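There are 2 protein chains.
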Amino acid sequence: MLAGTLRQVLGEAKVSTSPSVLEAHGRDEGYPEVRPPLAVVFAETVADVQAVLEVARREGVPVIPFGAGTSLEGALVPQGPAISLDLSRMNQILEVRPEDFVAVVEPGVTRKRLNERLRREGLFFPVDPGADASLGGMAATNASGTTTVRYGGMRANVLALQVVLANGEVLELGRAVRKTSSGYDLKDLFIGSEGTLGVITRLTLKLHPLPEHVHTLRVFFPSVERTAEAAYAILASGLPVARLELVDDLALRAVNRYLDRNYPERPALFLEFHSATAAAMQEESRFALELVREAGALEVEAAMTAEERTAQWEARHQAYWALVNLFPQRKYLITDTAVPLSRMPELVGYARALMDEMRLEGNILGHVGDGNFHTLIAARDDAYARAEAFAERLVARALELGGTATGEHGVGLRKKKYMPLEHGNALAWMARLKTLFDPEGLLNPGKVV
Amino acid sequence: MLAGTLRQVLGEAKVSTSPSVLEAHGRDEGYPEVRPPLAVVFAETVADVQAVLEVARREGVPVIPFGAGTSLEGALVPQGPAISLDLSRMNQILEVRPEDFVAVVEPGVTRKRLNERLRREGLFFPVDPGADASLGGMAATNASGTTTVRYGGMRANVLALQVVLANGEVLELGRAVRKTSSGYDLKDLFIGSEGTLGVITRLTLKLHPLPEHVHTLRVFFPSVERTAEAAYAILASGLPVARLELVDDLALRAVNRYLDRNYPERPALFLEFHSATAAAMQEESRFALELVREAGALEVEAAMTAEERTAQWEARHQAYWALVNLFPQRKYLITDTAVPLSRMPELVGYARALMDEMRLEGNILGHVGDGNFHTLIAARDDAYARAEAFAERLVARALELGGTATGEHGVGLRKKKYMPLEHGNALAWMARLKTLFDPEGLLNPGKVV
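Quick note, the sequences are listed as chains A and B, same order. Just so we're aligned, residue 1 is where the first sequence starts under the UniProt record's numbering, counting upward by one. Just so we're aligned, residue 1 is where the second sequence starts under the UniProt record's numbering, counting upward by one.
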């Protein structure tokens with residue numbers, strides 16, 4: 001019925017109800033449940049997006065915008081009958097303006113494809129969540145990642161958005177400029193709204209010059225706490241570090257096995273410096289080495305070639321899948337609390353101890369330069385409730401320390417329970433904003449607020 | 001009557017109707033009209049703010065939050081009977097947590113006082129609009145300034161806000177963390193809302209380590225266009241420049257006279273590098289010199305001491321008052337358009353030519369690292385309409401080039417006319433947000449939207 005209407009309006013080629021397609025659109029990479037939508041629409045234009053929303057309004061069926069499906073908190077998983085609005089065919093890089101350090105893209109473009117295109121210009125888009133996410137999806141969750149300590153996350157690197165509202169209206173938010181104080185900041189309101197306020201149909205992105213000189217290090221420590229402390233010492237020094245990642249011993253064991261590496265299986269900092277001049281880079285690296293040695297480093301390895309560098313960051317990014325490989329057939333749960341910088345070593349220690357105490361297997365990985373780290377838990381079926389209890393205790397502790405339930409993955413379904421404690425009465429105002437922009441509750445209902 | 005009610009509720013000492021106080025609260029530093037409010041309340045606590053809003057609701061009289069009075073676009077100027085809510089007595093630095101790179105302040109703290117307090121911790125708050133503005137006011141206008149090219153503006157450096165809504169409700173927005181994807185970004189919605197959505201009563205700020213090594217240069221060029229081109233070359237090189245300011249020949253002439261300096265009276269770039277190591281700084285400065293020489297620099301001067309550095313930035317910051325001194329008894333008008341980076345030299349040239357063509361006296365100053373520059377016009381009474389026509393043409397050109405009407409000063413009254421063209425139908429949604437948060441129109445009505 002609904003699929004028939006959609007086919008009538010959009011044409012056969014843009015609508016699917018094949019079970020495998022529905023199944024692929026009823027899940028994400030981190031949420032344990034799969035709930036297929038009624039139909040998947042592959043939008044190719046803004047008019048398609050408007051047409052889907054019109055059907056949604058007429059039929060009273062909600063719409064869930066879908067990018068690359070790499071989210072982790074259930075933001076894509078329907079809570080009832082729904083249309084999945086897949087934006088992967090809106091994948092044109094519309095403009096690259098190297099002279100403005102700006103690219104304009106459709107939401108389905110993935111970050112790796114954009115960066116391939118940008119390389120010849122000597123530019124890159126720095127936000128790097130690991131997964132080859134779509135840029136629309138990255139904006140929807142306010143994604144960030146390994147380079148955020150230096151370049152900022154999506155809010156800092158998306159200059160403008162085009163969005164389609166539930167009523168079909170198209171808004172242009174923000175401009176392709178480095179700064180503006182013109183009117184209310186709707187652009188940042190839509191970033192991180194997880195498809196609940198509107199559908200992102202175009203992004204104007206801030207680009208950065210590819211660093212002339214890159215220096216990448218792996219530094220190994222006797223404990224995760226010492227590793228976190230060393231990260232903090234580097235931050236406090238004012239060194240312009242571009243990446244500052246904690247990778248624990250279990251993660252390296254999993255990576256060694258999954259990717260056939262032979263990194264020492266000890267807690268490590270993965271560091272990178274980006275510099276405009278060779279002398280600056282050498283001096284900064286030398287100073288960083290001094291700091292990590294003072295902080296108790298056992299061993300330092302430098303990536304000597306571009307290949308080795310790529311391999312190192314691949315190792316970091318594959319840590320999740322490496323854990324899945326090490327503990328297959330389990331249920332996985334990832335936390336992404338962030339806390340004020342000085343509390344990060346303490347919370348890392350708390351997480352490690354709590355994981356042991358609760359007899360959970362998992363590792364710790366972190367964007368420690370941002371006070372943000374992940375625990376990845378691989379729970380047997382009968383331990384999943386314990387994993388959830390672990391996450392709840394960790395988030396509660398993070399909030400007590402002045403932190404946030406989610407540094408970068410977003411709220412989705414799984415973290416809604418933390419919102420009242422984190423936001424207090426501001427949460428009711430978020431719900432009022434939701435009602436203002438989407439009075440019929442047609443856009444990804446049940447998520448965030 | 002109203003003042004009597006306010007005195008009854010808040011006490012004599014917090015309410016003033018003295019003509020000089022009213023006059024000082026009916027103006028700002030850039031808008032040509034003065035319209036005294038009915039009364040000024042000097043709030044000392046959040047409860048005071050709530051009490052004023054309660055009176056406002058009961059009596060139907062609007063409230064205009066007032067910080068240091070340094071805004072430029074009429075945001076503080078009443079459009080009818082109004083209470084000015086002066087927050088300068090809420091001036092406590094509540095917490096400095098060097099270990100978290102965080103300070104928590106009341107809204108009346110000025111940026112200079114905060115930085116004096118931070119110096120002993122080896123930290124600073126980087127947003128520097130020139131004037132010794134209050135931090136609450138800076139958040140209200142999303143201020144930025146000379147260091148934004150490196151450190152970002154207020155949105156990037158305010159981590160959390162406490163605000164009081166028109167209905168008296170107190171909201172806590174954001175957390176003292178480097179990143180969060182938790183819920184809708186209300187914090188950034190209130191930043192830049194110019195007191196129209198709520199009253200900012202506390203700010204949590206992101207601090208930065210004072211740079212170990214600072215190198216400051218003045219580079220002189222044959223024309224403003226060449227100066228702007230040199231600025232662009234430095235940006236494109238990826239050099240981590242901390243300040244990159246264009247100061248034109250007229251501005252230097254005015255500064256020489258006002259501050260008794262002897263800078264060459266030619267268009268100049270004022271540059272600064274902040275580095276963690278001496279070698280990095282030297283190398284970056286050397287590379288920058290190479291670039292500006294290639295771009296046609298005539299002369300380079302380096303600030304050799306901290307005093308000389310301070311003097312150089314004082315010269316930049318006093319440029320407005322220097323112009324007022326050079327052309328006293330006039331009406332002044334400042335523009336602050338920002339455009340995509342590559343269009344900046346073109347727009348600087350356009351502004352220069354248009355100013356001459358329209359027989360207006362004024363100078364050009366710019367945060368050219370952000371594509372943002374100011375024209376400061378000193379108009380005789382009979383030329384003020386021409387100055388406004390100049391600003392309109394300049395903004396229209398900036399918008400055509402993909403830019404914004406205001407990079408950092410905000411909308412206030414003067415720039416409201418540009419909002420429909422800049423925001424299209426998004427402006428109606430801004431108005432709906434205003435109505436949602438302030439249904440009775442009690443908070444700074446007539447501004448922004």
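Mixed in with the good hints there might be a few duds.
Some chain A residues judged to face chain B by a derived CB distance under 8 angstroms, without partners named [unchecked claim]:
| id | residue |
| --- | --- |
| 1 | L2 |
| 2 | G153 |
| 3 | A156 |
| 4 | G183 |
| 5 | A276 |
| 6 | G446 |
Far from chain B, some chain A residues (derived; all Cβ distances over 10 angstroms) [unchecked claim]:
| id | residue |
| --- | --- |
| 7 | A24 |
| 8 | R97 |
| 9 | L173 |
| 10 | S181 |
| 11 | L189 |
| 12 | S223 |
| 13 | E265 |
| 14 | A302 |
| 15 | A306 |
| 16 | E308 |
| 17 | A338 |
| 18 | K415 |
| 19 | G424 |
| 20 | W429 |
No lab work stands behind these hints, which were simulated from the structure alone. All values derive from a computational prediction rather than experimental measurement. Glycine included, C-beta positions come from ideal geometry on N, C-alpha and C.
Against the structure, the hints come out as follows:
no.	hint	verdict
1	L2	violated, 29 angstroms
2	G153	holds, 6 angstroms
3	A156	holds, 6 angstroms
4	G183	holds, 5 angstroms
5	A276	holds, 5 angstroms
6	G446	violated, 14 angstroms
7	A24	holds, 24 angstroms
8	R97	violated, 7 angstroms
9	L173	violated, 6 angstroms
10	S181	violated, 4 angstroms
11	L189	violated, 6 angstroms
12	S223	holds, 20 angstroms
13	E265	holds, 29 angstroms
14	A302	holds, 18 angstroms
15	A306	holds, 17 angstroms
16	E308	holds, 23 angstroms
17	A338	violated, 4 angstroms
18	K415	violated, 7 angstroms
19	G424	violated, 6 angstroms
20	W429	violated, 7 angstroms
Violated hints for the displayed structure, listed by number in ascending order: 1, 6, 8, 9, 10, 11, 17, 18, 19 and 20.
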